[in-house]
Amino acid sequence: MTFPDWISEPVNWVFLVIGLTVLVSGFRVVTSKNVVHSALFLVATLAGTAGLFLMLSAEFVAWVLVLVYIGAVVVLFLFGIMITRAPMGFDDSLDGDHKVAPAILSVSVFVMMAWASIDAFGTSLVASTGTATSTELIGESLLGRFVIPFEVVSFVLLAALIGGITIARRDLTPAEEEERAAV
Amino acid sequence: MLLNQFLVLAAALFAMGVYGLLVRRNMVLILLSVELMLNAVNINLIAFESYLVTPEAVGQIFAIFVITVAAAEVGIGLAIVLMIFRNRKSANVDDLSLMRW
Numbered sequence: 001m002t003f004p005d006w007i008s009e010p011v012n013w014v015f016l017v018i019g020l021t022v023l024v025s026g027f028r029v030v031t032s033k034n035v036v037h038s039a040l041f042l043v044a045t046l047a048g049t050a051g052l053f054l055m056l057s058a059e060f061v062a063w064v065l066v067l068v069y070i071g072a073v074v075v076l077f078l079f080g081i082m083i084t085r086a087p088m089g090f091d092d093s094l095d096g097d098h099k100v101a102p103a104i105l106s107v108s109v110f111v112m113m114a115w116a117s118i119d120a121f122g123t124s125l126v127a128s129t130g131t132a133t134s135t136e137l138i139g140e141s142l143l144g145r146f147v148i149p150f151e152v153v154s155f156v157l158l159a160a161l162i163g164g165i166t167i168a169r170r171d172l173t174p175a176e177e178e179e180r181a182a183v
Numbered sequence: 001m002l003l004n005q006f007l008v009l010a011a012a013l014f015a016m017g018v019y020g021l022l023v024r025r026n027m028v029l030i031l032l033s034v035e036l037m038l039n040a041v042n043i044n045l046i047a048f049e050s051y052l053v054t055p056e057a058v059g060q061i062f063a064i065f066v067i068t069v070a071a072a073e074v075g076i077g078l079a080i081v082l083m084i085f086r087n088r089k090s091a092n093v094d095d096l097s098l099m100r101w
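For the record, the sequence lines run as chains A and B.
When we follow my numbering, the leftmost residue of the first sequence carries the number 1, and every step to the right adds one.
When we follow my numbering, the leftmost residue of the second sequence carries the number 1, and every step to the right adds one.
Be aware that a few hints might be false.
[Claimed, not checked] Residues from chain B that face chain A, not an exhaustive set, calculated with beta carbons under 8 Å:
| id | residue |
| --- | --- |
| 1 | Gln-60 |
| 2 | Ser-97 |
| 3 | Leu-98 |
[Said to hold, decoys possible] Chain A is nowhere near these chain B residues, computed Cβ spacing over 10 Å in every case:
| id | residue |
| --- | --- |
| 4 | Ile-61 |
| 5 | Leu-82 |
| 6 | Arg-100 |
[As the list claims (entries may be wrong)] Derived DEER-like restraints, expressed as beta-carbon distance ranges:
| id | chain 1 | residue 1 | chain 2 | residue 2 | range |
| --- | --- | --- | --- | --- | --- |
| 7 | B | Leu-96 | A | Trp-6 | 41 to 51 Å |
| 8 | B | Arg-100 | A | Gly-122 | 18 to 28 Å |
| 9 | B | Pro-55 | A | Leu-105 | 38 to 48 Å |
| 10 | B | Arg-100 | A | Leu-143 | 47 to 57 Å |
| 11 | B | Met-83 | A | Ala-103 | 23 to 33 Å |
| 12 | B | Pro-55 | A | Val-111 | 27 to 37 Å |
| 13 | B | Leu-52 | A | Asp-119 | 35 to 45 Å |
| 14 | B | Asn-87 | A | Asp-97 | 36 to 46 Å |
No lab work stands behind these hints, which were simulated from the structure alone.
C-beta atoms are modelled at their ideal positions from N, C-alpha and C, and glycine is treated no differently.
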């Protein structure tokens, strides 16, 4: 498939717009000097990813991503930023001193993975059936073949809930404990 | 749509996550970079599902599991960051040199 063929498909224009949004905002997540901006650029990255999922006919996962990530995880991050009193506004001390070696490492990771995937799936096309994967199919699969991993992951969530409360809870000082026992 | 365009995009996102993980000092921002990497993995899973079209939508199921575990990870991770901040008045990783010789 040549480039003119590729670009003549309208769906690839959509891909270019979404992909550029994802890349630019992803880059800003790791380079922004402002903590809150970083978290908000993550929202843009995740929204773009949800758009990509819609293009790949994965509707259910796309909306799960919007609900769980943008709705819950990013809010949790913002709480974390506020509670740890991260420096608001622009701050140069967010990054470490050594940047060249990580940059070289991440570029080589990218080159390696991109080369491997281009080498393996040269011109393979994504099957564009045009119909979204039905939520019914996902539900049946989740409670059929994958019912044991499903139960395990619900247990993991419960453990994380209890663990989060236990770790973040402030232990009472002896004086406070006495006070509470007196009441 | 080529399969590769999604895979290369995911590789770029993953590489950005690696960069952020190594460069950032603030623990909350390190967790953000981890989310970026997990997100790149999800794009790969969904793209391969769309390429192979399995009868049970295995790729999408795996993406859902990854999202769930990532949510649990953020909860626990932020609780740990909160605890460290409370004890040491700092959320920077290079202030945690207690176990370094």
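Each hint, compared with the structure:
| no. | hint | verdict |
| --- | --- | --- |
| 1 | Gln-60 | 5 Å, holds |
| 2 | Ser-97 | 14 Å, violated |
| 3 | Leu-98 | 18 Å, violated |
| 4 | Ile-61 | 5 Å, violated |
| 5 | Leu-82 | 5 Å, violated |
| 6 | Arg-100 | 15 Å, holds |
| 7 | Leu-96/B - Trp-6/A: 41 to 51 Å | 48 Å, holds |
| 8 | Arg-100/B - Gly-122/A: 18 to 28 Å | 47 Å, violated |
| 9 | Pro-55/B - Leu-105/A: 38 to 48 Å | 40 Å, holds |
| 10 | Arg-100/B - Leu-143/A: 47 to 57 Å | 48 Å, holds |
| 11 | Met-83/B - Ala-103/A: 23 to 33 Å | 32 Å, holds |
| 12 | Pro-55/B - Val-111/A: 27 to 37 Å | 36 Å, holds |
| 13 | Leu-52/B - Asp-119/A: 35 to 45 Å | 19 Å, violated |
| 14 | Asn-87/B - Asp-97/A: 36 to 46 Å | 25 Å, violated |
Comparing the model with each earlier hint shows violations of hints 2, 3, 4, 5, 8, 13, 14; every other hint is respected.
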